[in-house]
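2 protein chains.
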Amino acid sequence: MKDSELKRIAVLGSTGSIGTQTLDIIAEYPSMFKASVLTARSKWQLLAEQARKFLPDLVVIADEAFYTPLKEALADTPVKVAAGDRAIADAAGEADYDIVVTAMVGYSGLLPTIRAIEAGKTIALANKETLVVAGQLITGMLASSASEIVPVDSEHSAIFQCLRGEKRSEASKILLTASGGPFRTLSAEQLEKVTVADALRHPNWSMGAKVTIDSASMMNKGFEMIEAKWLFGCQPENIEIVVHPQSIVHSMVEFVDGSIKAQLGVPDMHLPIRYALGFPQRLPASQAPLQLSQYSTLTFEAPDYAKFPLLGYAFDAIAKGGNMPCILNAANEKAVAAFLKGRIRFVEMPVIAQETMLRTPFIADPDLPQLVATHEEASRIADDILTRMQA
Amino acid sequence: MKDSELKRIAVLGSTGSIGTQTLDIIAEYPSMFKASVLTARSKWQLLAEQARKFLPDLVVIADEAFYTPLKEALADTPVKVAAGDRAIADAAGEADYDIVVTAMVGYSGLLPTIRAIEAGKTIALANKETLVVAGQLITGMLASSASEIVPVDSEHSAIFQCLRGEKRSEASKILLTASGGPFRTLSAEQLEKVTVADALRHPNWSMGAKVTIDSASMMNKGFEMIEAKWLFGCQPENIEIVVHPQSIVHSMVEFVDGSIKAQLGVPDMHLPIRYALGFPQRLPASQAPLQLSQYSTLTFEAPDYAKFPLLGYAFDAIAKGGNMPCILNAANEKAVAAFLKGRIRFVEMPVIAQETMLRTPFIADPDLPQLVATHEEASRIADDILTRMQA
Chain B
1 MKDSELKRIA VLGSTGSIGT QTLDIIAEYP SMFKASVLTA RSKWQLLAEQ ARKFLPDLVV
61 IADEAFYTPL KEALADTPVK VAAGDRAIAD AAGEADYDIV VTAMVGYSGL LPTIRAIEAG
121 KTIALANKET LVVAGQLITG MLASSASEIV PVDSEHSAIF QCLRGEKRSE ASKILLTASG
181 GPFRTLSAEQ LEKVTVADAL RHPNWSMGAK VTIDSASMMN KGFEMIEAKW LFGCQPENIE
241 IVVHPQSIVH SMVEFVDGSI KAQLGVPDMH LPIRYALGFP QRLPASQAPL QLSQYSTLTF
301 EAPDYAKFPL LGYAFDAIAK GGNMPCILNA ANEKAVAAFL KGRIRFVEMP VIAQETMLRT
361 PFIADPDLPQ LVATHEEASR IADDILTRMQ A
Chain R
1001 MKDSELKRIA VLGSTGSIGT QTLDIIAEYP SMFKASVLTA RSKWQLLAEQ ARKFLPDLVV
1061 IADEAFYTPL KEALADTPVK VAAGDRAIAD AAGEADYDIV VTAMVGYSGL LPTIRAIEAG
1121 KTIALANKET LVVAGQLITG MLASSASEIV PVDSEHSAIF QCLRGEKRSE ASKILLTASG
1181 GPFRTLSAEQ LEKVTVADAL RHPNWSMGAK VTIDSASMMN KGFEMIEAKW LFGCQPENIE
1241 IVVHPQSIVH SMVEFVDGSI KAQLGVPDMH LPIRYALGFP QRLPASQAPL QLSQYSTLTF
1301 EAPDYAKFPL LGYAFDAIAK GGNMPCILNA ANEKAVAAFL KGRIRFVEMP VIAQETMLRT
1361 PFIADPDLPQ LVATHEEASR IADDILTRMQ A
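Chains as they are written, first to last, in my numbering: chain B, 1 to 391; chain R, 1001 to 1391.
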């Protein structure tokens, strides 16, 4: 596609944090982008509002209970309305668009992403769980597809940018930066007592609830490590987690000659979204760029694996391979949901993950139906553990 | 030239800091590089020693007084020996080599670099004064020559690496980092009293005397700004000097989308030399890479133009254009030499530069003979000022 053509964008998860920021970018460059599909899980009013503003061809609401009010809200528009997870996957596979932004939360991103790959679309990947759950499968599909992935996560966008113009074979290490989250400086005792409100208070990034909790537990960084492994074809032992509390250096790549390249910017997801949609072009931004004098001190330290066990479990899961990362992801989704509802304490989330990893049957080389079954089985086991913990 | 072929290297200034480190790299990769020409100003014993080790086709000593002892020292080798500045320029223009490393000190780099461009050679540019004195001329020559420049200065190597794979038109700003030198934290009163030994004690880099004094006065950073202007075709108002005392981030490039790319590494000139000689290949290094945990805090601040006036004079000189940077360079060479001999104080160097800039006739669009004449005239005026100051 030529740079000058209008790019048609499907935004899966348009009412979430990444989704709304994606629409900001689409609105910022009306001569470059057009929203053609918008989907949401349950926020049908916001979805209707977005549809009135962007007039996509199609909107889909995952929760079928909201089909009727959404349909009625858009009755006087030409926008087509559909409902259900199946309809979202169908849109990813069949709708008329150029780039899909996969901004759904968690496991639900998997099937639509697979459909988009089968359709040979460009994927602006914001749903890291897709690669966590099915990295091997997805990587295999990409190898025989016209589809390509451009990362949206700020860290992976940084790595992608650092590798631009470089030979992959000359990159020796990925330095994946982590803010360390709101609990970086707490003692183990203090960590026992943190509340949901504490965990939702991220120091640098404004994000959805799930990823904010995952950031506080450093599960997010573990998932990003797995995502980096699959996106950039590097081994986990060549990925170093570097805690960088200011979130200005978004990640780095070390090369065989000892040179390191880093990508920096203000902690604002509009930047990597703009990069992913504009790629290979960099689109001029109107907002003020990073003033390094305002962030005059950048610090770097090693992560504390003892205090944040989920980060280590991610390394364990990818070392084991097969369906183990899928198991960890399912257990974590249940644990985060339970923590957000006040059912368990922050420090109990790793306990659920660990026991679920031990109890769910291991499959070394799972296909898609086996991954779907693993997700269900691991979710059920995590639920069992949660029930027992509260007995 | 294919990567697998042996690259023949001419090292102009082989006995200086950059020169000896270049020979380290040539020795490190004997299947890739061969030293074919070595030249020095006056250190004939070291040059003879290097010639015995590397067996180049030709060695040239600039100071003709040392021709005979050098010739005798190499009488039992097949190495040809020549002497004089003219012979160095002839070697740059006529010898059989692929890459010339221009590692001479100051203005003396100009003529050999011009001859190398005329001969269509690849230039690993370590002599920034060449572009300071004659940037416009050199840039014009490069545009109609097969010759290309790969920078060796760590800052320009960093910028070059950050621009790799990027469109120049999408780069909006260069962030040129500066250690700030040994006197960064001194008060104006303390600066009045610094000694030569103080000025030669650079906090991070081990370099020759001239560039170490220029680092202490920040003249070096001003010259690097001018070098960056010509190398990367950007305007001085789009070059920001950022003081970064740790010398780990070697420079940065900001793009139109607000993204910044940085290149980092240990402060060791072997890295940018290895990059320049290997380009476009990155050569595996045996030394330990940067451990960010060892440099856990990186700081950034604005430079103090009042305390280091020579930095501002560089911006003045390039804004004025023509032969003004050449005048500044000539005055500075005289001032540094006088400071090193204890004839003037550190804070008197800018006085000499300023007065020389005021008194030397301005030429808006000088050709090479006019630049040569400017250098001589400005040097004479600077000498006058020095004589008067000591009267």
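Mixed in with the good hints, there may be bad ones.
[To be verified] With a straight-line Cα cutoff of 16 Å, these simulated EDC-like cross-link-like pairs (lysine to aspartate or glutamate) come out:
1. R:K1173 with R:E1240
2. R:K1007 with R:E1118
3. B:K307 with B:E166
4. B:K7 with B:D85
5. B:K167 with R:E1166
6. R:K1167 with B:E189
[What the hints assert, rightly or not] From chain B, some residues computed to sit far from chain R (all C-beta separations above 12 Å):
7. G84
8. V105
9. P182
10. W205
11. V243
12. I248
13. F255
14. A262
15. L292
16. T299
Since the hints were made in silico from the structure, they are not lab data. All values derive from a computational prediction rather than experimental measurement. Ideal Cβ placement from N, Cα and C applies to all residues, glycine included.
Verification of the supplied hints:
With a CA separation close to 7 Å, the supplied pair K1173 of chain R and E1240 of chain R stays within the 16 Å bound. Annotation: proposed proximity of K1007 of chain R to E1118 of chain R is violated, straight-line Cα distance about 19 Å (limit 16 Å). The straight-line distance between the Cα atoms of K307 of chain B and E166 of chain B is roughly 36 Å, outside the 16 Å bound, and the hint therefore fails. Proposed proximity of K7 of chain B and D85 of chain B is contradicted: the alpha carbons are some 25 Å apart, above 16 Å.
Between the alpha carbons of K167 of chain B and E1166 of chain R the distance comes to roughly 14 Å, so the proposed pair stays at or under 16 Å and holds. The straight-line distance between the Cα atoms of K1167 of chain R and E189 of chain B is roughly 51 Å, outside the 16 Å bound, and the hint therefore fails. Chain R leaves G84 of chain B outside its interface by the beta-carbon criterion, the shortest separation being 37 Å against a cut-off of 12 Å. A cut-off of 12 Å between C-beta atoms confirms that V105 of chain B is not in contact with chain R; the least separation is 26 Å.
Interface exclusion of P182 of chain B from chain R stands, the closest Cβ pair being 21 Å apart, more than 12 Å. The Cβ of W205 of chain B lies farther than 12 Å from every Cβ of chain R, with a closest approach of about 16 Å, so its non-interface assignment holds. In this structure V243 of chain B is not separated from chain R by more than 12 Å, as the shortest Cβ-Cβ distance comes to only about 10 Å. Non-interface status of I248 of chain B relative to chain R is broken: a Cβ of that chain comes within 12 Å, the nearest being about 9 Å off.
Taking the minimum C-beta to C-beta distance to chain R, about 5 Å, the non-interface status of F255 of chain B is violated against the 12 Å cut. The non-interface label for A262 of chain B is inconsistent with chain R: the shortest C-beta to C-beta separation is roughly 4 Å, within 12 Å. With a closest Cβ-Cβ approach of about 4 Å to chain R, L292 of chain B is found to fall inside the 12 Å limit, against its non-interface label. Under the 12 Å C-beta cut-off, the non-interface status given to T299 of chain B relative to chain R is violated; the minimum distance is some 5 Å.
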